[in-house]
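Participant: Sequence:
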Amino acid sequence: MPGTRTEPDLSLLSVSHLSQDPAHPYSSWPSIPPNPIGRLVLLTPSVTAAASKEIITGKRFSLDQSVYPSGASLYGRLQGEHYVKRVDNGPTTREEAKEKGERYHACFDDFIHINTQGSTQWDYFLHYSYRESGLFYGGLDADDIEAEKTGDIGVAAIARAGGVQTRAILVDLPYYFASNNLPPLDPLSFPSSTTIDLPVLRRALQFFKLEPRVGDVLLVRTGFEHALEEDHARVARGEKSVLNAKFAGVQANEEIVKWIWETGFVAVGSDNPTFEEWRPDFPDMLLHPILLSGQGIMIGELLRLAEVAEECKRQDRWSFFFSSCPLMIEHGVASPPSAVAIF
Numbered sequence: 000m001p002g003t004r005t006e007p008d009l010s011l012l013s014v015s016h017l018s019q020d021p022a023h024p025y026s027s028w029p030s031i032p033p034n035p036i037g038r039l040v041l042l043t044p045s046v047t048a049a050a051s052k053e054i055i056t057g058k059r060f061s062l063d064q065s066v067y068p069s070g071a072s073l074y075g076r077l078q079g080e081h082y083v084k085r086v087d088n089g090p091t092t093r094e095e096a097k098e099k100g101e102r103y104h105a106c107f108d109d110f111i112h113i114n115t116q117g118s119t120q121w122d123y124f125l126h127y128s129y130r131e132s133g134l135f136y137g138g139l140d141a142d143d144i145e146a147e148k149t150g151d152i153g154v155a156a157i158a159r160a161g162g163v164q165t166r167a168i169l170v171d172l173p174y175y176f177a178s179n180n181l182p183p184l185d186p187l188s189f190p191s192s193t194t195i196d197l198p199v200l201r202r203a204l205q206f207f208k209l210e211p212r213v214g215d216v217l218l219v220r221t222g223f224e225h226a227l228e229e230d231h232a233r234v235a236r237g238e239k240s241v242l243n244a245k246f247a248g249v250q251a252n253e254e255i256v257k258w259i260w261e262t263g264f265v266a267v268g269s270d271n272p273t274f275e276e277w278r279p280d281f282p283d284m285l286l287h288p289i290l291l292s293g294q295g296i297m298i299g300e301l302l303r304l305a306e307v308a309e310e311c312k313r314q315d316r317w318s319f320f321f322s323s324c325p326l327m328i329e330h331g332v333a334s335p336p337s338a339v340a341i342f
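Under numbering that gives the first Met the number 0, the first residue of the sequence shown carries the number 0, and numbering increases by one thereafter.
Errors might be hidden in some of the hints.
What the hints assert, rightly or not - Below, simulated DSS-like cross-link-like pairs (lysine-lysine); rule was C-alpha separation at most 25 Å, straight line:
1) 84 with 97
2) 52 with 312
3) 58 with 208
4) 208 with 312
5) 84 with 99
6) 52 with 208
7) 257 with 208
No wet-lab data here; the hints were simulated from the structure.
Given the sequences, and given the hints that come with them, work out the whole structure.
Facilitator: Laid out in structure tokens, this is it:
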């Protein structure tokens with residue numbers, strides 16, 4: 000757990016830890032004992048302390064969308080409900096209180112029912128299994144998760160450890176493409192005009208003068224946030240949603256997987272619903288099972304990054320302090336991140 004070691008253990012960055020077992024390719028847990036915070040073992044006190052130096056102006060930006068976004072739901076998932084109930088036992092109106100000679104006051108409770116996948120979220124290690132084998136992080140399976148027999152593995156472990164308090168680096172692809180005369184990126188397309196592979200990410204990092212560090216969170220902006228806002232407005236006008244199961248995102252391949260591992264990113268995220276590129280016909284390789292179930296790397300999705308990107312432009316720096324603490328959901332598979340960027 001964070002706090003037991005001052006400096007991150009750099010031996011954990013070796014790709015020699017990644018399994019080639021076809022039942023769980025690129026998984027780390029056969030070599031490194033699984034733990035409930037996964038790759039966050041690299042987020043030691045010294046890493047957080049160094050990241051705090053990113054705070055210069057004190058400007059703060061929430062990265063969460065509304066828990067109950069208006070408009071079409073993604074993948075047909077329920078978006079939940081919220082209601083307020085009055086719970087005081089006194090007079091219900093001022094007039095009634097006056098008639099009874101009693102003091103008037105009102106007291107309300109909130110009741111919420113949410114789908115953690117309905118808006119901005121951290122996908123935790125129990126969300127998406129390896130295909131065919133159906134294995135989750137540490138070799139857990141669907142029966143374990145449904146019966147809540149996952150031990151201390153669950154998203155509550157992230158909250159209990161103090162969340163994710165570190166540096167984030169932002170790769171703003173629309174801005175990078177526009178600044179380098181590349182075709183515009185359509186966030187609702189697959190294949191995208193420019194494949195977001197490792198060479199593209201490396202060139203973008205160089206453009207933004209970013210040097211990834213162990214313990215960083217990698218954030219990739221595709222422009223999906225604006226597309227989602229436009230679609231919500233379209234639905235509000237009574238028109239049909241144009242959202243589909245195709246999204247531009249980071250390409251899934253061995254080179255990307257090994258780079259994320261060797262670099263020491265403790266989490267990744269995007270403004271799109273998947274971080275990786277997504278299409279209706281599932282390819283042979285996906286990042287979701289590898290990062291989540293294989294390596295214990297959380298994936299942040301539907302993050303609000305447009306406002307942060309504008310601040311990055313104003314300050315001409317593309318890194319900031321990233322603070323997130325998920326909900327304390329025992330055995331949970333995902334959570335709203337309650338994420339904040341601080342400059």
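Participant: Taking each numbered hint in turn, which are not upheld by the structure, reported in ascending numerical order?
Facilitator: none
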